[in-house]
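Colleague: Modelling step: build the complete structure from the supplied sequences, incorporating the hints.
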Amino acid sequence: MTVNRAKTGAKKGGIGHFFRILGGQWQLMLMSIPMLAYVILFNYVPMWGWITAFQDYKPKLGVSGSAWVGLKNFQWLFGRADFINSIRNTLAMSVINLVFGTVSSILLAVLLNEVRVRGFKRTVQTVTYLPHFLSMVIVVGMAQNIFSSSGAVNQLLLSLGLVKEPVFFLGEGRYFWWLVGVINVWKEVGWNTIIYISAMTAIDPSLYEAAVIDGAGRFNRIMHVTLPGIKSTFVILLIMNIGHLMEAGFEIQYLLGSAVVMDWSQTIDVFVLQYGISKQQYGVATAAGMFKSIVAIILLVAANSVAKRLDEDTLI
Amino acid sequence: MTTAGKKVRTGRRQDVVFPIVNTVILVLLMFITLYPVINTVAYSFNDGTDALRGNIGLLPRVFSVKSYESILTDTAVYQAAWISVSKTIITTLLNLFWTGMLAFTLSRKEYVLRRFITTVMVLTMYVNAGLIPNYLLISRTLGLSKSYWVYIIPTMFSCFNMIVIRTYITGLPDALVESARIDGAGDFRVYWQIIFPLCTPVLATVALFVAVGSWNSWFDTHLYCGGQKNLHTLQYLLKMKLATTQASANAAKTTADAMKSTTQTTPITIRCAITVISTVPILVVYPFLQKYFVTGMALGSVKG
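Residue numbers (numbering that gives the first Met the number 0), protein chains in the order written: chain C, 0 to 315; chain B, 0 to 303.
Calculated directly from the structure, the hints in this document are not laboratory data. Among the clues, some could well be false.
Derived DSS-like pairs (lysine-lysine); straight-line CA-CA distance at most 27 Å [claimed, not checked]: (1) K240/B to K145/B; (2) K57/C to K240/B; (3) K120/C to K230/C; (4) K228/B to K278/C; (5) K108/B to K307/C; (6) K230/C to K290/B; (7) K278/C to K145/B; (8) K71/C to K57/C; (9) K290/B to K120/C; (10) K71/C to K307/C; (11) K59/C to K145/B; (12) K278/C to K240/B.
Modeller: Following this line, the structure appears as structure tokens:
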């Protein structure tokens, strides 16, 4: 009944009708409004906290009692080498993650797509999904074993004669970005294939048959049927990831980093944590976080508008 | 004629060589994926002092179950396990309850607040107030720090999961809801008696995502409950052990011998044993849900 009323109501319009429909949908409202309030409290209310970026915020005094300092927090931030470093590290690591992650997962998806034995394919998938479910604490613990001076990677390099002395992967800053890239690939490569493989199953099998008739081997079928078939998925994911360039991750840098490699490991998030929580400089830390959010929003809007423009010609 | 013949031949050769190369690569990949995991298990069953020499591969060098013995007699581990298990179960149930209902309402085209609520929800995936404002809200305004509720209340909802469920419900036939409404069922009954049972696959997926996220989190403990020993979780215990092994690894570089004077079971084997214990529940569950979460991921990513 309410369905019908809603339909006729929508046609007639008018504020009275709107409220009558609203009354008829009280059960839907009861089911959704608690979560709306919840999300507003936990996701929107904290944005008021951005005010503290323009204050010398003291928790005792609160927002109303703390002194206003204008843009001084931002000026202070950009005068600091460690903040500039953390911007560089964030961007470097997210670009490495993006390139490594995308290339590796497309490669694996293509290889899996060529497996004809279903049991084998499923086994590989089950195994490669596993690291996605491990916590970063566990993964970093494993990485410390594997990359230590007596760990498996150094053993392998030594036995192959590629290095003479064990490499201190964890103790030297210049390895840090690449280490994070490699660990992230290990953790997520299987998981990231899911979306590409589901795009590949949507490819029309007759395209492959036609390619075979034309004499195309495996390689040509991959190049001319499989890869074009996942192009739109690739473009969408790429654009979404560009919108998330300011998110280089936080846990892995925080857990894997140490004082020795801090110049390479500190991301903006780690910087915020150091200054905000450990040193209790809330104003400065909020300003750093706000800077990150604003750049992220700009990137997202830009990426979305590119996506919309591409949607008309490339994505079809 | 000749070119066509050549093409067919290269095609055939590729059809023979490619599967072999492909299989080799994938087996190698599985090995690389599993090596660190098996290595951790090997460490956990190794003698503590001996493990300091490092260089343990796929099997323990000096077999010992001391690490497990010392964990299983440690009340702190039991307490942490209890906190981990209980918060994971409660968080998962609350998420399913609220997220499922919300997804249902937002799948109903006639719902007048649908667009508004959807926009408010989706924006949260992109805009975030940041660590410090969230911290101040949770610890100062709401006073949740040093309390068990800090594990439950801030993690009751995820927009991504809501979209996954909503997309699934949208894919169900409209007639289901309409005929039930004509029979006089209210929205509550339609959801709980008709939609909810049909959503089992997608709810299983979301339950897995939420449970794994809750089980694996350590940062909330670090931020809000670091000083409360009775509120530590398994992951946080691991995080603390990680910090101590890190420190001892740095020390070992200079004075390897100094390490031999430390206790029988050292943090590294203990850490690996806790890792194994805290990972087993996930290992047991996820292969059975594989079929579900694969579709769930595809649903969420397309619409997200």
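Colleague: So, for every hint listed, does it hold in this structure?
Modeller: Each hint, compared with the structure:
Taking the CA atoms of K240/B and K145/B, the gap is about 21 Å. The hint holds against a cut of 27 Å. A C-alpha spacing of about 34 Å is found between K57/C and K240/B, which places the hinted pair above 27 Å, so the restraint is violated. Straight-line distance between C-alpha atoms of K120/C and K230/C comes to about 23 Å, which keeps the hinted pair within the 27 Å bound. At roughly 23 Å between alpha-carbon atoms, K228/B and K278/C fall within 27 Å of each other, so this suggested pair holds.
Taken as a hint, the K108/B and K307/C pair is honoured in the structure, with Cα atoms around 25 Å apart against an allowance of 27 Å. The straight-line distance between the Cα atoms of K230/C and K290/B is roughly 25 Å, inside the 27 Å bound, and the hint therefore holds. Distance restraint check for K278/C and K145/B: the Cα-Cα separation of roughly 20 Å lies within the 27 Å cut-off, and the hinted pair is therefore satisfied. Between K71/C and K57/C the CA atoms are separated by roughly 15 Å; this keeps the pair inside 27 Å, and the hint holds.
Straight-line distance between C-alpha atoms of K290/B and K120/C comes to about 13 Å, which keeps the hinted pair within the 27 Å bound. Among the hinted pairs, K71/C with K307/C is inconsistent with the structure: their alpha-carbon atoms are about 38 Å apart, more than 27 Å. Distance check on the hinted pair: K59/C and K145/B sit about 19 Å apart at the alpha-carbon level, within 27 Å; holds. The straight-line distance between the Cα atoms of K278/C and K240/B is roughly 24 Å, inside the 27 Å bound, and the hint therefore holds.
The structure fails hints 2 and 10 (numbered hints given earlier, in ascending order).
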